[in-house]
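**Q** One-letter residues, chain by chain:
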Amino acid sequence: MFRTGSPGTALAAGTLALTLLTTACGGQAAAPPSGGASATSLSGKTIALVGYGNSNPWGAYFNKVFTERLAPTGVRVGDMTTMDPGTQVQKFNQAVAQKPDLIVTLILDTTAMAVPIKKATAAGIPVLAVDGPPDPGVADEVMSVLSDNEKLGEYAAQNIVEGLKAQGRDSGDIIVLTGTKSMLVTQHRMKGFAKVLATAPQYKVVEEQDANWDPQLSGTIAQQLLAKHGKDGVQAAYGMADYMALPIIQAAKQAGFAIGGKDGLIVTGGNCFKAGIDSIKAGELYGTATEDPGTIAEQTAAYVVRYLAGENPPRSETVREERVTAANVSRFAEQCSHA
Amino acid sequence: MNTADDSEGASRRWRPRAVAVGLAVLLLVLLLVPAVTTPRFLTLDNARAILASAAFVGITSVGATMVMIAGSGVSLATSQIATVVAMLFLGPQHLGLWTALLIALAAGIALSAAQGAVIGFWNADPIVLTIAGGFAIGGAATWFSGGSTVYPAARGFDVLNATPLGLPLAVYVLLAVTVLVEGTLRRTTAGRQMYLVGENRAAARAAGLPVGRVTVIAWAVSGACVALTGIFLASFHTSATVTLGGTLTLDAIAAVLVGGTAISGGHGSAVRTLGGAVLISVISDVLLLRGYSTGVQILVKGVLVLAVVVLVHVRATRGRR
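Each protein sequence line maps, in turn, to chains B and C. The first sequence lines up with residues 1 to 339 when you count with the numbering used here. The second sequence lines up with residues 1 to 321 when you count with the numbering used here.
Check each hint, because a few of them may be wrong.
Said to hold, decoys possible - Pair ranges (Cβ atoms, derived): (1) C/Pro210 - B/Thr87: 40 to 48 Å; (2) C/Val309 - B/Arg315: 50 to 58 Å; (3) B/Lys231 - C/Val29: 32 to 40 Å.
Derived by calculation from the structure, the hints in this document are not laboratory data. Quick caveat: nothing in here was measured; it's all calculated off a predicted structure. All C-beta atoms, glycine included, are put in the ideal place defined by N, C-alpha and C.
Using the sequences and the accompanying hints, generate a full structural model.
**A** Shown next as structure tokens:
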């Protein structure tokens with residue numbers, strides 16, 4: 001990399017020294033949380049957490065709560081988290097080689113993870129899929145604690161139908177910005193969304209675009225779709241996560257749309273975040289739904305403890321999801337404010 | 001004999017030029033025909049949307065033009081710098097908008113200029129350095145924030161979401177930055193030296209040009225532009241996560257290349273990069289209006305970049321003959 005000798009060498013040496021210093025100072029084991037921990041002793045048990053990386057706020061809070069809840073039990077949690085689907089497959093294979101007592105995985109690419117899951121079960125290592133379901137081909141081979149994604153889609157549609165009816169509209173056009181369409185999570189949410197909208201045929205989806213769980217892309221697509229249909233052509237919008245719904249609101253405001261109220265754009269989100277809760281309180285976001293990382297992390301940790309303690313929990317559990325609107329936002333403000 | 005040689009030479013010179021012009025015309029036809037035949041394309045609202053969606057990437061790409069002209073290729077740490085700047089802008093909102101702006105701009109300039117210094121004074125490979133820099137900056141941001149979203153304690157930044165005359169403020173900043181960068185490149189000593197350094201770094205050094213200083217200036221200006229993008233991104237999204245920068249790095253590089261700036265340095269202009277950013281936005285818009293998916297939009301963007309790079313290569317080949 002460096003073509004000159006001494007300054008480059010000095011810089012490289014400095015970088016190495018800084019890295020070593022950082023490594024030495026950081027990475028200390030987190031202290032167990034005070035209270036709320038299970039008294040069950042599972043000392044010596046090991047878990048490989050092949051989950052979402054800490055670069056994602058949802059993943060960061062899930063990892064924090066999950067690890068903290070298991071710390072008092074003595075279970076050792078190996079951090080093998082990432083936000084890259086390819087790296088996740090590699091880390092899962094590494095986890096299989098380490099032969100832990102359980103692999104807990106939050107899947108980024110359902111298809112790519114099917115073969116590694118088969119390898120794990122063939123090696124006799126149990127796998128617990130969390131949040132999104134695994135590939136249907138391996139669904140029978142894993143345990144699961146799943147978000148109720150179909151319900152989350154239903155809640156989003158309920159928010160829109162309720163908001164449009166409250167405005168007295170007997171028709172309305174809706175734009176939808178989805179998460180990555182190839183993900184089962186996205187497909188299940190759209191299934192629930194379509195199911196509820198079918199009961200209110202006066203409201204119809206005029207655009208459905210894949211915004212890939214990307215807030216920046218969501219803003220860009222929203223700007224163009226709102227321009228395409230104009231102020232009279234869109235009455236409601238669904239951003240599959242709050243961080244996708246809020247750019248829709250911002251784009252609409254910049255395009256001169258009224259938001260919420262008696263005749264403004266009805267926007268709904270999902271995966272409740274603090275920014276979404278604040279927006280509901282401000283009267284802009286009509287509603288959202290839970291799927292917050294804290295709740296699912298608590299339920300997953302409890303499931304893991306029961307499983308490792310030999311209590312044979314049910315093969316699959318579904319996390320109870322809640323719809324959040326201005327009517328009940330104060331009840332969910334704390335729960336939804338960690339990501 | 002001479003006449004025949006001249007004629008053959010002229011023919012050789014004109015062949016690549018004809019190919020370049022032909023490709024450019026073909027590209028324009030391929031773009032213009034679908035655009036003008038797309039319903040709702042020729043509306044004021046749509047023009048505003050195109051400019052608005054070009055603004056964030058445009059500001060960064062105009063700054064990146066200077067780095068490319070100065071022969072430093074590209075920065076692969078752009079998204080990470082924009083993300084850190086966004087966090088540093090929203091975090092201290094309680095200190096007031098101007099303080100937060102200064103902190104954010106200073107951070108963007110410092111992070112980018114530091115990389116420019118290593119490249120300019122020690123000849124580090126920009127690709128390798130910025131890959132490492134990107135990992136370091138992104139990792140540090142994740143470490144310090146714990147992956148949490150940064151929320152502002154005050155809403156002074158809302159003023160940056162204003163829409164004077166119906167256009168987002170970011171669009172005006174994009175135009176101002178383009179004029180400033182183009183003026184710097186064309187009318188200042190440092191700007192002209194950037195072309196010379198980019199054309200032939202060894203020769204520039206041998207001629208006594210301040211290669212290191214010129215490179216640092218290019219990267220500092222680029223850092224300021226990335227910082228402005230980070231500030232507008234943060235204001236638009238009202239919060240900042242480690243992934244806020246998204247695909248900014250590659251989008252900005254694509255805009256610079258589509259604008260016709262030579263990746264090897266020495267040629268290019270900020271105005272053409274502005275054209276590149278708007279062109280990409282127009283294409284995405286047409287495809288969206290015609291109902292094509294996001295995947296198709298990305299594919300077409302890739303094909304366009306490839307076509308323009310080939311076009312620029314053909315022109316460069318002509319220049320060498």
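**Q** Confirm or reject the claim that C/Val309 and B/Arg315 have a C-beta distance inside 50 to 58 Å.
**A** Given range 50 to 58 Å: holds, Cβ gap about 53 Å.
**Q** Would you say the C-beta atoms of C/Pro210 and B/Thr87 sit inside 40 to 48 Å of each other?
**A** holds, 42 Å
**Q** Do the beta carbons of B/Lys231 and C/Val29 sit within 32 to 40 Å of each other?
**A** holds, 34 Å
The structure is consistent with each of the numbered hints, conforming to all of them.
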